[in-house]
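Trainee: Protein sequences appear in the order of chains A and B.
When the letters of the first sequence are read in order and numbered with this note's numbering, they come out as residues 1 to 328.
When the letters of the second sequence are read in order and numbered with this note's numbering, they come out as residues 1 to 296.
Where hints are given, some of them may not hold.
[Claimed, not checked] Rough simulated footprint, nothing fancy, chain A against chain B, three-plus residues with beta-carbon under 8 Å:
1) 100-113
2) 132-140
[Said to hold, decoys possible] Taking beta-carbon pairs under 8 Å as the criterion, some of the chain B residues facing chain A (in silico):
3) Leu125
4) Ala269
5) Ser280
Source of the hints: derived by calculation from the structure; they are not laboratory data.
Cβ atoms here follow ideal geometry from the backbone N, Cα and C, with glycine treated the same way.
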Amino acid sequence: MSASAPTVGPPRRTFNTVRRNTVDRIGDPALRILAALASVVAVATILLLAYKVFQGSSQSFDKYGFGFVTSKVWNPNPVAEDYGAASFIYGTVISSFFAILLAAPLSIAIALYLTELAPRRIRRPVRTLVELLAAIPSVIIGLWGIIVLAPALENHIEPFLHSVLGWIPLFGGTPSPFGLLPAIVVLTIMATPIISAVTREVFETVPGDLKEAAYAMGATRWEMVRMVVLPYARSGIVGATILGLARALGEAIAVTQVIGSAVSIKASLFQPADTLASRVASQFQGAGTPLETSSLFYLSAILLVIALIVNVAARLIVRRGTPAGVMN
Amino acid sequence: MSATSDTPTPGPGLLGASTRRKRVNRLMEVLATAATGLAVAVLALVVGTVVVKGVSAINLDFLTDTPAPFGLPGGGIANSIVGTFMLVLVASVIAVPIGILIGIHASEFARPRVSYAVRFALDILAGVPTIITGIFIFGLLVVGHQQSGYDGSIALAIVMLPIVARSAQEVLGLVPNSLREAAQALGIARWRMVARIVVPSAASGLITGAVLGVARVAGETAPLLFTSSIVSNSVSWNPAQALASIPVTIFTLSESNSPQDHTRAWGAALVLIVAVLILSVSARSLHERSRRKLRG
Chain A
1 MSASAPTVGP PRRTFNTVRR NTVDRIGDPA LRILAALASV VAVATILLLA
51 YKVFQGSSQS FDKYGFGFVT SKVWNPNPVA EDYGAASFIY GTVISSFFAI
101 LLAAPLSIAI ALYLTELAPR RIRRPVRTLV ELLAAIPSVI IGLWGIIVLA
151 PALENHIEPF LHSVLGWIPL FGGTPSPFGL LPAIVVLTIM ATPIISAVTR
201 EVFETVPGDL KEAAYAMGAT RWEMVRMVVL PYARSGIVGA TILGLARALG
251 EAIAVTQVIG SAVSIKASLF QPADTLASRV ASQFQGAGTP LETSSLFYLS
301 AILLVIALIV NVAARLIVRR GTPAGVMN
Chain B
1 MSATSDTPTP GPGLLGASTR RKRVNRLMEV LATAATGLAV AVLALVVGTV
51 VVKGVSAINL DFLTDTPAPF GLPGGGIANS IVGTFMLVLV ASVIAVPIGI
101 LIGIHASEFA RPRVSYAVRF ALDILAGVPT IITGIFIFGL LVVGHQQSGY
151 DGSIALAIVM LPIVARSAQE VLGLVPNSLR EAAQALGIAR WRMVARIVVP
201 SAASGLITGA VLGVARVAGE TAPLLFTSSI VSNSVSWNPA QALASIPVTI
251 FTLSESNSPQ DHTRAWGAAL VLIVAVLILS VSARSLHERS RRKLRG
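Bound-form chain A, shown alone (with noise of 0.2 Å):
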């Protein structure tokens, strides 16, 4: 009807024309600087959190310089107190290693099974089933790992490993609850879901006519996968391990509740030991002086520096070596 006319008529629509102008002239640029501040919140985070560790270690650093890298003793005891690294690292790298030794391959193959072999109505199912397996708290898996792994390891495959493998130092020694064989297990049960589905995606990029290439010339499904899908996507496997490594190297709670805390280099696995991150989860809330407290900010300086490195490896060689889409 005619009445209604007039509510929607010139005067109304200019009236919000220009409140919209002042609210525009206000919003547009508030979006943009409330963005761009979200984006140097992201940068000052991590360089804030360089700082802080680098800062916290400073006393401990003025003492023992680089030496503390290399000084394997850790005494907290205040008046004859002396620190150094040198044990942690040792665990660390050893734990690490044997983790991603165990893992890569395990992952590779999960990857392959995934993307040439599942039947394609359990593809999903299973990827879903694998990847869950990152999702579990690591706290779980260590408290999995203190009550129900580390006894089996002790009792049954321990003696198993020292009775076959003894002669080798790595199996030698006397099997023990704690040490660093349990960290192992529970850091390549960690790392295999990482690796496998960074792993899986590069491997989806693999072209088809290239297999089919392969397999027309009468290749079995294992020589079409080392002719063509394992050099297509070694970049990306080697990347994707470095991950993995990264995510082992950095955890703290797991490997704290296995491995024993104990400052010492020995070539069994079945023995105690320590790392970096897991000595900082174990001893800074009870640590005694503030040069111990600068102590453990030291390991975690090493710590951050070590995991630094290896990420951005990582990344850099997954980046430049998959097409984009992947792990962006």
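Given chain A, put chain B in place with the hints provided.
Mentor: Below, chain B without anything else, positioned relative to chain A:
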């Protein structure tokens, strides 16, 4: 000799090679299947153990009671459940808006080099071991003060931020430019376009990122160990005090020697694993849906 040469078969070398190739192929297929079976078996073993051992610890009292005084039987984890809820809530209130704004910055405003730099910083942040995040917040906020729930939440927010922000960058980048162009052709201001068109069309993807972040930090122990771990046994909803949390409680109980504490740890682990798995699975199904919608 002559009996075998009667039948025309390929040379022995060729035949041998081809069966050997098939055997190697078969072996590799079996190994790949076994590896996958092993991973699924480990998942089943860990989850199965938590469920079997946890069920015997859980009853209504376990969920609604506070911990029993030292050495006494019974008691529950109500303070940890409430604490984890509050810690994760406050962390989300911090990390989700900042993360989404970072995504908006990358998709709407930033030049490619700037957004590459921000992405790089986020990747580095995601690679920082969480125990270092904990020690960082201790050095920044806790030292010289009491621990507080806010400190713990900020540490959790730092762990959560890269997850939320990277997924926001990804889904907002998937919003088709034709939508933006259509909006601008109508003369809509940019911030209205972002608020009314870009963000809503990526909503399910943004929610996925937030849920993934929540699932991740709900199970984190290390960032809370030095920031919100010295707690009382009573239920507290106030983040200005240090708050108990399920992961830290499991960690403490797991270090104990008493079987009773281990039983409690399994009970708490069951509560946590159920929550985390529900969150992860729902994030996963949301993720599929949002991808399908945006990619068309």
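Trainee: Are the hints correct? Go through all of them and say.
Mentor: Now for the hints, and whether the structure bears them out:
By the rule of at least three residues with a Cβ nearer than 8 Å to a Cβ of chain A, the coverage given for the region 100-113 of chain B holds, with 8 such residues. Taking a C-beta to C-beta cut-off of 8 Å, the region 132-140 of chain B contributes 7 residues in contact with chain A, enough for the three needed, and the coverage statement holds. The interface hint given for B/Leu125 holds, since its Cβ lies 5 Å from the closest Cβ of chain A, which is under the 8 Å cut-off. Checking B/Ala269 against chain A: minimum C-beta separation of about 5 Å stays under 8 Å; hint holds.
At about 4 Å, the closest approach between the beta carbon of B/Ser280 and any beta carbon in chain A falls short of 8 Å, and the interface hint on this residue holds.
The structure shown violates none of the earlier numbered hints.
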